[in-house]
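Build out the structure end to end from the sequences listed, making use of the hints.
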Amino acid sequence: MAESIVLPIEKREGRGTRMARKLRALGRVPGVLYGHKEETVSVSVAADALMSAVRHGARVVDLHTADGLQKAQIAELQWDHLGMEVLHVDFRRVAADERIHVTVPVELKGIAPGVSGGGILDQPIHTLAIECAADSVPESIRVNISELQLGAALHVRDLHLPPGVKALADPDAIVVHVTVSQAAPEAAAAPGAEQAEPEVIGRKAAAEEGEEEK
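Under the numbering used here, the first residue of the sequence shown carries the number 604, and numbering increases by one thereafter.
To be clear, the hints were calculated from the coordinates, so they are not data collected in a lab.
Wrong hints could be hidden among the right ones.
Here are the computed distance ranges between Cβ atoms for each label pair [as the list claims (entries may be wrong)]:
1) 669 x 628: 21 to 27 Å
2) 782 x 641: 46 to 52 Å
3) 621 x 718: 52 to 58 Å
4) 690 x 747: 37 to 43 Å
5) 624 x 732: 32 to 38 Å
6) 643 x 621: 16 to 22 Å
7) 747 x 651: 23 to 29 Å
8) 743 x 614: 42 to 48 Å
Quantities reported herein were computed from a predicted structural model and do not represent experimental measurements.
No residue lacks a Cβ here, since even glycine has one placed at the ideal position from N, Cα and C.
So, in structure tokens, the structure goes:
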């Protein structure tokens, strides 16, 4: 489970592009806090603190408000066109034991013996949608590939998930597998095919010359 991150937030007055630009110039990101049938509140958060939480993979944070701590899910981030700066953030109120849907990275552990046998490791799924309690969001889903042989695969149904975590993806979806390279057999067959053709042409040409001499 990821450590709880505390983000101090402040209520903000006014809306619109001009106000948002002023906040960003002061190093803050505009946002909203909503959910649990409570009032939607316009807020702002320090840009460096928010970016630090995002870099650490935080999905749920504790918002420090004038009324105390409020647990919230980072529901949506709006980025600039370069994907470098967060322009707006949506926080959704959650209870500690509330089950939420989040996406977490899939982390491979170990070395697949099938790769040593000439196979190619392919990982179609790099992130996994899961359901879990708001206070028990794992940092990642770790997948042990130390027994993955040539031609073998691990599916979503094969994953060992932390207690209380449910995968939302198709159980039959392949997370990681070791595929067999087809390049070598094709390359070996090609030279033989190329050598056969000149011999046939040569024999045909010799036969035609023999017919002209007659």
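Tested hints:
1. 669 x 628: 21 to 27 Å: The hint (21 to 27 Å, Cβ to Cβ) holds, given that residue 669 and residue 628 are roughly 24 Å apart.
2. 782 x 641: 46 to 52 Å: holds, 51 Å
3. 621 x 718: 52 to 58 Å: holds, 56 Å
4. 690 x 747: 37 to 43 Å: For residue 747 against residue 690, whose Cβ atoms are near 39 Å apart, the range 37 to 43 Å holds.
5. 624 x 732: 32 to 38 Å: holds, 34 Å
6. 643 x 621: 16 to 22 Å: holds, 21 Å
7. 747 x 651: 23 to 29 Å: violated, 36 Å
8. 743 x 614: 42 to 48 Å: Since residue 743 and residue 614 have Cβ atoms about 34 Å apart, the given range 42 to 48 Å is violated.
When the structure is compared with the earlier hints, violations turn up for hints 7, 8 and for no others.
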